[in-house]
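Trainee: Given next are the chains, with one letter for each unit.
Protein chains: 2
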Amino acid sequence: MRTRRLIFFVFLVFLVLLVACDRRKTTSRPSQAGPPAELIVQARAAFGLGELPARPVPGPDTPLGQRIRLGHRLFFEPRLSASATISCNSCHNLATAGVDNRTTSLGHNFQAGARNAPTVLHAAVQTAQFWDGRAADLEQQAKGPVLNPKEMAMPHPVLVVARLKSMPEYRRFFQDSFPGDPDPVSFDNVAQAIADFERQLVTYSAFDRYLQGEEGALSDQAKQGLRLFLNKGCAGCHNGPTVGGARFAKMGVVRPYENTTDEGRYAITHNAADRFVFKAALLRNVERTYPYFHDGSVWTLAEAVQTMDEHQLGANLSRPDVEAVVAFLRSLTGEVPAEWRTMPELPASAPDTPRPLP
Amino acid sequence: MRTRRLIFFVFLVFLVLLVACDRRKTTSRPSQAGPPAELIVQARAAFGLGELPARPVPGPDTPLGQRIRLGHRLFFEPRLSASATISCNSCHNLATAGVDNRTTSLGHNFQAGARNAPTVLHAAVQTAQFWDGRAADLEQQAKGPVLNPKEMAMPHPVLVVARLKSMPEYRRFFQDSFPGDPDPVSFDNVAQAIADFERQLVTYSAFDRYLQGEEGALSDQAKQGLRLFLNKGCAGCHNGPTVGGARFAKMGVVRPYENTTDEGRYAITHNAADRFVFKAALLRNVERTYPYFHDGSVWTLAEAVQTMDEHQLGANLSRPDVEAVVAFLRSLTGEVPAEWRTMPELPASAPDTPRPLP
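As they're listed, the protein sequences go chains A and B. Position in the first sequence (from 1) plus 493 gives the number in the working numbering. Position in the second sequence (from 1) plus 493 gives the number in the working numbering.
Okay, chain A solo, but in the shape it has when bound (with noise of 0.2 Å):
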């Protein structure tokens, strides 16, 4: 009798939690009574349709599961630098949104960069890589720092491939990552690797929800913020999912801007109109990726809406108005995947692998 009324109490206990359960997920998702707010249709023609709030990730028995395991590891590895202790993370710091929140960034031997690191969150989704949009992939892009003098400083691939090579880990690594390949532990694939990375780093906000149909997801001063984005100009440049980094734009339209040292897309095509011409930034996590602009040189988002505004407006935005464009700016924030965040237990030196350069 006592066993009988043991399992009915063990039974009834399920049952509650399986309603529980089913509950939770009916009231998690958004209220989509009736058609959206006209503001909601307006900002995703801008915008799109916002994140979603998990990735799938490919299974670890694909490639190209396996190649954003590899490439979450190079992505921490310090021995893709001279002195091996610099490695992608250092300046895309994954605990800080993906910056340095530097002027400019520190490389090999203390050097400085020449422009704002700009943060890897979102940044597959861009048109084009670098301030100056000279390089037009990750795969492109990730090459460029290892190389450079001032930055990881690696003196040549070969010294990237060796180090890579000589450990049996990595060896396997990079085999399940590119069947097929017959050399497959190469600078074309560490590339290859560290961008299928990058492609995962995409964060969900609240301006997310709001996207997707939840009204309550924006305050009141961020959805006037984002009317303002919306009917000043700003969208104009800073659109597309990124909420930016989808064109080029003049630094300076309207006034022009104090720091004319650095000539943007310029110097690559000699092209007169490309003159202090920059990729407009995206704006995903903007509140956390200061300081502002190619140069560094604002720290505040309050002062970065104004300076766009005197620069590329013509200085419409009243005091409260930029407050308001900074709230809707506020959510854009999101939380980088802990699984991302999570840094690997790295492979260990073998007796070959090349030391690191004095």
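Bear in mind the hints are in silico, worked out from the structure with no lab data behind them. There's no promise every hint is true.
Unchecked claim - Restraint-style ranges between C-beta atoms, simulated for each label pair:
hint : chain 1 : residue 1 : chain 2 : residue 2 : range
1    : A       : Ala795    : B       : Gln668    : 24 to 32 Å
2    : B       : Gln668    : A       : Pro851    : 41 to 49 Å
3    : A       : Arg497    : B       : Asp674    : 52 to 60 Å
4    : B       : Asp554    : A       : Thr754    : 50 to 58 Å
5    : A       : Leu532    : B       : Ala843    : 27 to 35 Å
6    : A       : Gly558    : B       : Asp674    : 44 to 52 Å
What the hints assert, rightly or not - One-sided and incomplete, this derived list gives chain B residues near chain A with beta-carbon spacing under 7 Å:
hint : residue
7    : Phe623
8    : Arg781
9    : Thr793
Every value quoted in this text rests on a predicted model; they were computed, and no experiment measured them. Think of the CB as a built atom: it goes at the ideal place given N, C-alpha and C, for glycine as much as any other residue.
Model the placement of chain B on the given structure of chain A, informed by the hints.
Mentor: Leaving out everything else, chain B in the frame of chain A:
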């Protein structure tokens, strides 16, 4: 009728799962039939009963739990350095067993340190901190690198406190970690929180399973190495739960060590008996903490064992003996808990946060 059958089926699945869970619990216990082997008994006398696979982490509702989580953030906090680029993790990288795998570390302005950076894993259990034991505990140790002009190069503790105090999130973390403290954001409390975090940095290895009675956890070669380690004198200095770190010893007992530039503890005590005396390194994870010795001069385990044998014990190990000791030392490798390898999302600087120093 169909509903009843469905309920019965669901209940059956539930029971099967319950039974399966219980079986897993039972089978994961190490086999402890009969008294342990003599070698295990001898090893327990030298090294204790081994680490647990997972240390209980105090809940975030306790002050200690809060301090550990605050210390975890501070461990990854580059704003504890003048340039805002160097954190504890820069030289004690949790992706590489709590070291940087360099002869000596690179700090502010790429200045090289004077001695090899020891691991933070299991560091708390040591009798003293630093190679020369000049800090009594982790609380005292943690302050050193922050203010060292060659390392993190903060000019004064006041700047450390000013940076942290400027951020509302840090103010709250310190309040929760040090309830009742009228001035919770202090340099002492920074060190306290980092030390509380570092006490969590414990790894669980095959050797622990062996000490706990799992005979098969070590290969025959590793057991032979353990026997040599115990009987040839290695365990005279490298003993206790961390297999070292418990006492000081002269580098060059039998034969003087070649590198005489560093006089060890003598520089602190000015006692002639302390000339060339250093802390005997803790050997947990030693496979991954190369290069070896206070001067980081030796890169492979085999060479390190040979060097110790020649200088400390009188060259009584054969080539196969050295290989056996290396096999034993590899059994001390464990995994850094993923929870602590997960970088926190660090608070954003406030407008009045003191900026990186040039």
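Trainee: Hints first: check each against the structure and report whether it holds.
Mentor: Right, here's what the structure says about each hint:
1. A:Ala795 x B:Gln668: 24 to 32 Å: Taking Cβ atoms as reference, A:Ala795 and B:Gln668 lie about 27 Å apart, which means the hint holds.
2. B:Gln668 x A:Pro851: 41 to 49 Å: This hint holds: roughly 46 Å between Cβ atoms.
3. A:Arg497 x B:Asp674: 52 to 60 Å: For B:Asp674 against A:Arg497, whose Cβ atoms are near 57 Å apart, the range 52 to 60 Å holds.
4. B:Asp554 x A:Thr754: 50 to 58 Å: Since the Cβ atoms of B:Asp554 and A:Thr754 sit about 53 Å apart, the hinted range of 50 to 58 Å holds.
5. A:Leu532 x B:Ala843: 27 to 35 Å: Holds - the Cβ-Cβ distance for A:Leu532 and B:Ala843, about 30 Å, lies within 27 to 35 Å.
6. A:Gly558 x B:Asp674: 44 to 52 Å: Because 47 Å falls inside the window, the suggested range holds.
7. Phe623: At 21 Å from the nearest chain A Cβ, B:Phe623 fails the 7 Å test, so the hint is violated.
8. Arg781: holds, 5 Å
9. Thr793: holds, 5 Å
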